[in-house]
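Enquirer: Sequence:
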Amino acid sequence: MIADPLTLSVVLTGIMFLFLLSSVWIGAALMLTGMAGMLLYEHHLPPGISLWQKAGDLLAGSLYDSLNSWSLAALPMFILMGEILYHSSVSTRLLNGLIPWMGWIPGRLLHINVAACSLFAAVSGSSAATTATVGKITLSELKKRGYSKKLAIGSLAGSGTLGFLIPPSLIMIIYGVLADVSIGKLFIAGILPGLLLAGAYSLYIAVVARLDPSVVPPQQERFSSREKLASIKELLPVFSLIALVLGSIYGGFATPTEAAALGVLGALALALYFRSMSWSNLREAFLGAVRTTAMISFIIAGASFLSQVVGFLGIARAISLYFGSLGLGPYQLILVVGLMYILLGMILDGISIVVMTLPIVLPIVTAAGYDPLWFGIFLVFMVELSQITPPVGFSLFVIQGISGEQIGYILKATFPFFLIMIAIVAVVTLFPEIATWLPRQMIGG
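No gaps in the numbering here: position 334 of the sequence shown is 669 in our numbering, and each next residue is one more.
Be aware that one or more of the hints could be misleading.
Said to hold, decoys possible - The list that follows gives simulated cross-link-like pairs (lysine to aspartate or glutamate, EDC-like), each with its CA atoms no further than 20 Å apart:
hint	residue 1	residue 2
1	LYS485	GLU740
2	LYS471	GLU740
3	LYS478	GLU740
4	LYS484	ASP547
5	LYS563	GLU476
6	LYS471	GLU569
7	LYS747	GLU569
8	LYS389	ASP400
9	LYS471	GLU619
10	LYS485	ASP547
11	LYS478	ASP547
12	LYS479	GLU768
The hints are simulated quantities; they were obtained by calculation from the structure and are not laboratory data. In this text, all values refer to a predicted model and were calculated from it rather than measured experimentally.
Please construct the entire structure, taking both the sequences and the accompanying hints into account.
Expert: Pasting the structure below:
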């Protein structure tokens, strides 16, 4: 039996990683870790209440409370919307519409990954869906036209993570539910940081193209004004869907959940209009949405139980007191938290990072004076970094499957964009108004 909560937290962390490394489902690993904590801690329960009765109460309560949320209903809707777009021709039309507008920028079509990922992120909400959809179209096209394969892969890896930052975002929905922060405000807060990150990626590509002209083909494609105007009709479907989803939220006409349902209807309407949705594709879209939603819900339930156990055992309070005793300033604290998330990103997926750490980390950072709304954006950046950090960087595996390249080559191509993301995190930390100003202007509070 262990009486000290800090010692117990270290032991439970080790137990949790043993479960995860043994290929146990993440949700099950979190629940088993919580049960281990209940068994290992020196309890002082009231008379007549057994350890197993208390553990059962915590488990039943956490399962119901974590999943009985109207806000969480937006999650399967946004996932389904992304799946429908992925299995239809709308994504291909988006790329075709962007190509004529990229020719005048240094780096030319190398910017297409940044532009396409930014637009697709605004209707998908999933980093994996954004990376896979855009990458399947752009990588082969850029290679065929003679563009730098390394820069194309790196820009896709970096830009694909925008699916978590540019609203709507699955991670923001999960964070908003767990942290009791307005999902609408989170969506708005992600706009300026997302555009800033996309702009930084494009700036890097332009600088590299200026310094090394060999990254682009010598023959520059030229498009007439008529061709540019004609390409707008390919972009209008995606812009219309973005306006429908985000406009209904920011205009106050719909909640994020209702807007997600509108997005599904809009995506279906576009797929049917372009005659690119067969019964087979629709079935695959629904099955993909069910699989992803079930996985995320199981993880959320397991994390909620672990959170209940952490609170019951006094671990969160003990860790908060320990950090407080270190005398860390706000910037030192957020640096330590950021380094912790980067390390966790090497072994865990983004959703697991959020649900596992939030019960412990959020009270600490809010006690240090950080706005929970701002911290939500900071956490999304950390999750984005986890998508491109080995060995569990999910986007890296997606790109490997698309490109057929070795993971080492992909890591080298991605590293500059990893550093750019860290630099933008530092900027948003030093100037938190980048994330918090727009929600105050549009919603207030």
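Enquirer: Which of the numbered hints are not met once you compare them with the structure shown?
Expert: 7, 12
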